[in-house]
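*Asks:* Spelled out, the chains give:
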Amino acid sequence: MEKVLLKNTENPNSADINEYKKVGGYQSLPKAFGMQPKEIIEEVKKSGLRGRGGAGFPAAMKWTFASADPKSPKYLLCNADEGEPGTFKDRQILEKNPHLLIEGMVISGYAIGTEYGFIYLRGEYPAAKDILNRAIKQAYDSGFLGDNILGKGVKFQLAVHQGAGAYICGEETALIESLEGDKGQPRIKPPFPVNVGVFAKPTVINNVETLSNLPYIIEVGGEVYSKIGSPECPGPKLYCVSGHVEKPGVYELPMGTTLREIIYTHCGGIKNGKKLKAVIPGGISTPVLPPDNIDCKMDFVNMPKHGSMLGSGAVIVMDETVCLVRVCYRALKFFEHESCGKCTPCREGTEWLRKILGRIENGEGAEGDIDLMLSVSSNMLGKTFCPLGDGAASVVQNFVRHFRPEFEEHVKNAKCRFK
Amino acid sequence: MITITINGKEIKLEKPVTVLEAAKSAGIKIPTLCSHEQLEKYGGCRLCLVEVEKIPRLQTACTLMVADGMVIKTETEQIADVRRGILEFLLINHPLDCPYCDKAGECELQDLVVKYGPATSRFKEKKRKVPGGLEDPILVRNMERCIVCTRCVRMCEGVQGASAIAVINRGGHSHIEPFSGGRFDCEYCGNCVSVCPVGSIMSRLHRHSYRPWQLMSETETICPYCGVGCTLVVQVRDDIIKRVVPRIGTPVNNGLLCSRGRFGYEFVGSKERLTTPLIKKNGMLEQATWEEAISLVAKRLGEIKDNFGSSAMGGIASPRCTNEDNYVFQKFMRVVLETNNIDSTARTGFAGAQGFIENIFGQGATANIIPGLSNSDAVFIIGGDPTAINPILGLQIRACSRGGGNILTIGHIKGLEKFNPVVLKPEFYSETVLLEGIVSALKNKKGLPGSNQKLEAKVKGINTAVEEIGEKCGITEEDFTKFIEILSESSTPSIVIGKEIAQSSGGSYKLLLISAINYLMNARIYLLSERANEQGLLDMGCAPDLLPGYRTLTFAEFRKRYETAWKVSLPEKTGLSIFEMIDAAKNGSLKAVYIMGENPVFNLPNSKAVEEALKNIDFIVVQDIFLTETGKLADVVLPALSWSEKDGTFTNMERRIQRLRKAVNREGMEDWMIIAEISKNMGAKFNYSEAEDVFKEIARVSPLYRDMTYEEIEKGDAIYPYKGEPLRGVTEEIQVHNPPEPPLSKGGLRGIAAGKLYLRLERPLFHSGTLSRKAPALVNIYPEAVARISLATAKSLSLKAGDIVKVSTKIGSLELPVEIDKKVDSSAIMLSNNFEDKGAFSLMEYTIDPVIKAPCLDGNEAKIEKVK
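Chain order of the listed sequences is A and B.
Per the working numbering, the very first residue in the first sequence carries number 1; after that it's consecutive.
Per the working numbering, the very first residue in the second sequence carries number 1001; after that it's consecutive.
Among the hints, erroneous ones may be present.
Below, computed lysine to any residue pairings styled on SDA-like, alpha-carbon distance capped at 20 Å [what the hints assert, rightly or not]:
{"#": "1", "chain 1": "A", "residue 1": "Lys305", "chain 2": "B", "residue 2": "Pro1056"}
{"#": "2", "chain 1": "A", "residue 1": "Lys333", "chain 2": "B", "residue 2": "Glu1125"}
{"#": "3", "chain 1": "B", "residue 1": "Lys1124", "chain 2": "A", "residue 2": "Pro70"}
{"#": "4", "chain 1": "A", "residue 1": "Lys355", "chain 2": "B", "residue 2": "Leu1091"}
{"#": "5", "chain 1": "A", "residue 1": "Lys189", "chain 2": "B", "residue 2": "Pro1016"}
{"#": "6", "chain 1": "B", "residue 1": "Lys1124", "chain 2": "A", "residue 2": "Ser378"}
{"#": "7", "chain 1": "B", "residue 1": "Lys1414", "chain 2": "B", "residue 2": "Gly1158"}
{"#": "8", "chain 1": "A", "residue 1": "Lys355", "chain 2": "B", "residue 2": "Pro1095"}
{"#": "9", "chain 1": "B", "residue 1": "Lys1868", "chain 2": "B", "residue 2": "Leu1797"}
{"#": "10", "chain 1": "B", "residue 1": "Lys1800", "chain 2": "B", "residue 2": "Leu1814"}
{"#": "11", "chain 1": "A", "residue 1": "Lys183", "chain 2": "B", "residue 2": "His1175"}
{"#": "12", "chain 1": "A", "residue 1": "Lys355", "chain 2": "B", "residue 2": "Arg1170"}
{"#": "13", "chain 1": "A", "residue 1": "Lys183", "chain 2": "B", "residue 2": "Ala1166"}
{"#": "14", "chain 1": "A", "residue 1": "Lys183", "chain 2": "B", "residue 2": "Phe1179"}
{"#": "15", "chain 1": "B", "residue 1": "Lys1126", "chain 2": "A", "residue 2": "Asn362"}
{"#": "16", "chain 1": "B", "residue 1": "Lys1281", "chain 2": "B", "residue 2": "Ser1270"}
{"#": "17", "chain 1": "A", "residue 1": "Lys189", "chain 2": "B", "residue 2": "Leu1058"}
{"#": "18", "chain 1": "B", "residue 1": "Lys1124", "chain 2": "A", "residue 2": "Ile370"}
None of these hints come from the bench; they were simulated from the model.
None of the values given here were measured: they were computed from a predicted structure.
One chain only, chain A, in its complex shape (with noise of 0.2 Å):
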C-alpha cells in the first residue's frame, strides 16, 4: 500500500514544510477550498473515515453535528495527548509529518467553518511540541495559516497546548476541561462537545491520526478512499507494535490487517524465536488476547467479535517469559495514578485491585482473592464517569478470563515463577 500517513517520513528533514511541499504537500488545500464546506463533509462521509483514537466515531457525523449549531465561534481541538500505554503512532505524525496534521486540521476547520484550532498535546512529547511549533510558524509565513489562507479569505488560527501528564486528559471532555485551565476531569455528557465544548461552544475534537487522512481524502476524493483496507472502516491505519518482536515500531497498512499478519509477516515474528503467550491489540485498555485468537481482523468491526477492541491500534506483544500477574498489576498501578478521583469506583477500585494484585505477584495472595478481584471489577465496569475506569475493570477481567491459572499459581504456590 502507497504510504498515506507516513508518506515521506524516512526522510530526515520530513517535518520542513520545503520537504513536504516537495511531495505534494499543502496541495489539497486549494482542491478543498475550491469545494463548499458541505461538499468537503459529503466526502469525508464517502470516505467512511473513522477516528482513530479509539472510539472509530464517524468523522463526518461528528462534524456534521458541530457545523450545523447555530452556536459560535466553534473550535476544532486536535487530540494529540497520546497517553494509552503502548501507543506511539501519532508520535510520528506529529515528529515526522506535522505539515500532514496541520493541511489536514486547516481543511476541517474550514469545513466545520471553525477559525481556530488547537492541538493539545500530551506533557510527554517535548520534541513533538518544538517540532509542531516551528511547522505551525512556517505554515504562518507561507500562508497557510492566519486571516487569508492561500489569499482565499480563509481564516484559521492554530496554537499547540501542552499538557500536563494526565492520562485522563486524552478523554475528550477532561481535555476540555485542561484546555480551559481547569483540572483534568471528564464533565457531563450530554451535552456532547460537538455542542457545548471548548467555552462552551461547539467544539469537534479529532484524533491527531484522523485529522491526518483529510488531505489524502481531498486528494483522491473519498470513494477512492473507501476502497483501501475493511470496506466496512476503511482507510490506512498506523499500528504501533511493541514488546516481544523482532522489528517493533509504526507500520501502516490497510485497516483490517490480521493481528498475525502484523506481528509475524511485518514485524518479523516473536522475539528470539520465544513463545507468542499474549497479545494487547490496542493499548492497554482493550482485552487481551491470547496466542490461539490472533488471526482476527484489526478494525473497528472484526475485534470485537474476536473479544478485543481496535483501540489505539497500539499492539502489545508479549512472550512466554513474561508474568502476566505483574503485566495486570503493572496495569492497574497505572490506572490507579491516573485515575482522576472524580468517581469512587475508579478512584477506588483501582487502588484496591492494584493492592490484591500486588499480593498475589508477591506471593501473599490468599484463596478466594481471584474472584475478590473479579468482585471488585465487576462493581466497577459499567458503573464509572468515564471509560478510565471500564478499562481498568476489564484489564483484570480479561487477565484472569484468559490466564487463570497462572494467577491460581501464583496464589497456590505462594510465588512469582517468573522472578
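Put chain B on the given structure of chain A with help from the hints.
*Replies:* What follows is chain B alone, placed relative to chain A:
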C-alpha cells in the same frame, strides 16, 4: 408535557428535569451523595445509578435529563448490587471512626450503609492516610473521612463564590484543601459544613459536645445580625445553643448562612451576660432585685418628668430588639413619658436614606425581594461592600454576575473583585461629581421620562461633562463611557446603596443623584441595613417625627388615630433625633434617657463626646444583655433576654415580617415586658401577657401591619403593606443639602491635600459591634482592631504589616497594629468600629446633614506613626 415511567409508575412533568428530581417529585427515593439541590450537577459518587430502558449502560439519575417515554427502574437486584458495591468502595478507605465522629447520627454515608450497605468488609489492606496538620480555629477538617463528593468545593466556588478550597491531587490521593494551604483564608460562611455529607468539614464550636440525637429542640428563628433576616435553625441541648444551621427552602437565605449567622451565636451563653438588675450606689453599680430596680426607675422618671417636663426625657430604641419591644418602647415614651424624643442608631444613615428615597418614589421604594437581585442584568453598587455588610444579599449579586449580569461599582469592592466588576474609582470627595456625571450621561442617553416632575425639577439642571469627571474624579473618558454604556443598556438593573452614602459629605444630595439614576434606569433600590431589625424599629415608630407605620406625627389626623387607639393625647412636637439628644445632654437640657438594647457610647461617632454628654444626664436607664460601655454610665441597668430567648418579630430590609422564636429558656424578662412593668409602676396599664398580644395591637393600629397575625407570618412571605393602606398620602418637597465641596483641583481631594490621610470606617464581614465582640468564634476569626493602609502610605512611612502604630485625629488617638492592603485608597486609613477601646468612632468627628439627619464622617484627617 413529558411522560416517564419510574418503577411502573407513570409520572407527568411540565418541563425537563433530571431523573432524580422527577423521582423525588413522585416520592421515589434514589440514594445520592454527591448530588445536592443547591449545587451544580456532578455525577461523581455513582450511587444514583438507575436502569433506563433502551440505554445499555446504567445512568446516573442526578445527571440524566428525562425524555418523553423514558422507562426507568430504580429498585432492581442489579441496582441493589450497584449501591452495595459503591458503598463498599466508599467504606474501604473511610476510617469508620463513627463512635468518635461528630457526624454520626446525621451522616449521610452512615445512613446509606445502614440501608443498602455491606455489613462486612472484604478489604484487607491498610486504609489510606491523608496528611493532616491543618489546624483552623473554626473549621475542623478530617480528610480521611472525605468521600470526594466535592459538594464543599462546588458550594464554595459555585454558590458562595469564595473559591477558597479545591480538590488537590488526583485519584485516591484526592482531598480538599484551602488554597491558603494552612488555616482557611476564607469568608467562614461554613456553607461547606452544611453540605458535607460525612464528618470531613465540621464546626469546631460544638466539637464532641453532643450527639445529634441528643438535641432537645430545634427552633426556627431569624438571625440577630444584619438586616437581611436569614432564617436560622437553632439547635439546643440543656438550654445551650449547640449549633445554628440554615434550612433549604427559606425565603431569604435558602440553605445558606454567613459567618456571623452561623458562628456568631455564642454571645447568648456568654458568662458576661447580665443576670440581675444593677443600681448605681455611690458611683458603683451594685446588684439589685427587679422590684428595687423597677420602682427606682419609675420613681426617678416620674420625678424628672414632674420637675423638668417631658421634653427633658429621651429614649433610644434598638435595631436588635423585636418589633414588639420597639413598639412598646415608643408607646411608653409617648404615652407614659409623653415625649417624642425617641430615636435610634438607624439615624446614622438607614432611616434618613430610606425616608429620603421614599419621599421621592413613594412607599416601598427600597423594598425589593433580595433573591431578585440575581435576576437583574446589572447591579450598580455604591457606598459599601454588600458581601460584608449583608453577606447573603451579596451572594445574590455574585449569582447575578455568574448568570451573566454586569456588576458596576463605584469604588473598589473587595467581596466582588472576583466577579468581573466594572469599577469607577473616583478620587476622595469627588463622588458627587461622578454621580452628577452619570446622571447627565443617562439623561442624554435616555431622556427624562416625565413621570416624576418633582424629581426631574431637581435634576434637570445637572450637566456635568466627561472632561470634568476626568479632571475632578481622575476617571478616564474610556472607563466612564464603558460604565455608562453597560448601565444604560441594562433592562432590569438594581441599585445597591450602602450606608457610606448617607454618612458622607452631601449625603442627601448624593441620594438625590442616586434616586435620579434609579429613576432614569427604572431600577430597583436595595438599601443595605446593618442591623437585624433596623427596618422594623422604624416601622414601629421609634423615630422623633413618625408614629407607627410612618404616620407623620405633625398631622393631626394621624395623631388622632393613635390617640384614639391608645386612649391618650399625644405630644405634638417632633422630638429630638439621637444626635440632638446627645447635644441636649451636652447642654444639660436632657435630664433622663432610657436606652434599650443600644450602646451609643460605642456605636455613635465621636464616642468620647457621647460619653461626656451622657455623663451630664441625671438619670440613665440601660436595658441590655451585657454591661456595655453605655451601661457603665447608667444609674440603673436592667438585664434583658436576648435573641433566641424571646418571641417576637423582626422586619428585614425587604419588609418581610418574620417570626423570632424562643429557643433557649432563661430567667428574665423580654424588653417589652420590662417596659410594661415600669409603665405599670408609673400608673399606665400595658396589658400584654405575651409578645403576640403586642403584635395584635400593632396589627390593629399600624396601617402597614394591618390584620397581620403570627399565623399569617408562619406561612411565609408576609411582606407589608399587608392589606395596608398607602404609606404616605402626602409627600413633601425634596430638600437636599449640598455643602460646598472642598475646592476640587485635578485629582480631587488628593490633589489639594497631597500627603494627607483620612480616617475611614471599615465594615468587616466578621463583626457587627457589640454582639460579635462577645462571640468567641468571630473574635477568633478576626481577633483585633487593625489599621489598614495602602502600600503607598506604608512605603512613605516605612511601615510594615504588624507594626504597632498610633493613629490619631484631632479628638484622640489609638494604638494598634497596622495591615497593608493594596486595595485601600492611598489617602485612607481604614479602621473598624468593632473592638472595645479601639473603635474608629472614638476618633471620628461628624457634622449632621440637615435633611437626612445622618452624621457625615468624611474629612477626619488622621496621622499615623510607628510606635514600635
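*Asks:* Now, for every hint given, state plainly whether the structure supports it.
*Replies:* Cross-check of the supplied hints:
1. A:Lys305 x B:Pro1056: holds, 18 Å
2. A:Lys333 x B:Glu1125: holds, 16 Å
3. B:Lys1124 x A:Pro70: violated, 55 Å
4. A:Lys355 x B:Leu1091: Roughly 16 Å separates the two Cα atoms, so the pair holds.
5. A:Lys189 x B:Pro1016: The given pair, whose Cα atoms are some 16 Å apart, holds under the 20 Å limit.
6. B:Lys1124 x A:Ser378: holds, 19 Å
7. B:Lys1414 x B:Gly1158: Holds: Lys1414 (chain B) and Gly1158 (chain B) sit about 18 Å apart, inside 20 Å.
8. A:Lys355 x B:Pro1095: holds, 18 Å
9. B:Lys1868 x B:Leu1797: holds, 13 Å
10. B:Lys1800 x B:Leu1814: holds, 18 Å
11. A:Lys183 x B:His1175: Distance ~13 Å between Lys183 (chain A) and His1175 (chain B) Cα, so the pair holds.
12. A:Lys355 x B:Arg1170: Distance of about 18 Å is within 20 Å: holds.
13. A:Lys183 x B:Ala1166: Measuring from Cα to Cα gives roughly 10 Å; hence the hint holds.
14. A:Lys183 x B:Phe1179: At roughly 14 Å apart (the allowed maximum being 20 Å), Phe1179 (chain B) and Lys183 (chain A) satisfy the hint.
15. B:Lys1126 x A:Asn362: Since the Cα atoms of Lys1126 (chain B) and Asn362 (chain A) sit roughly 17 Å apart, the hinted pair holds (cutoff 20 Å).
16. B:Lys1281 x B:Ser1270: violated, 26 Å
17. A:Lys189 x B:Leu1058: holds, 14 Å
18. B:Lys1124 x A:Ile370: Holds. Lys1124 (chain B) to Ile370 (chain A) sits at ~14 Å (cutoff 20 Å).
Checked against the numbered hints listed earlier, the structure breaks hints 3 and 16; every other hint is satisfied.
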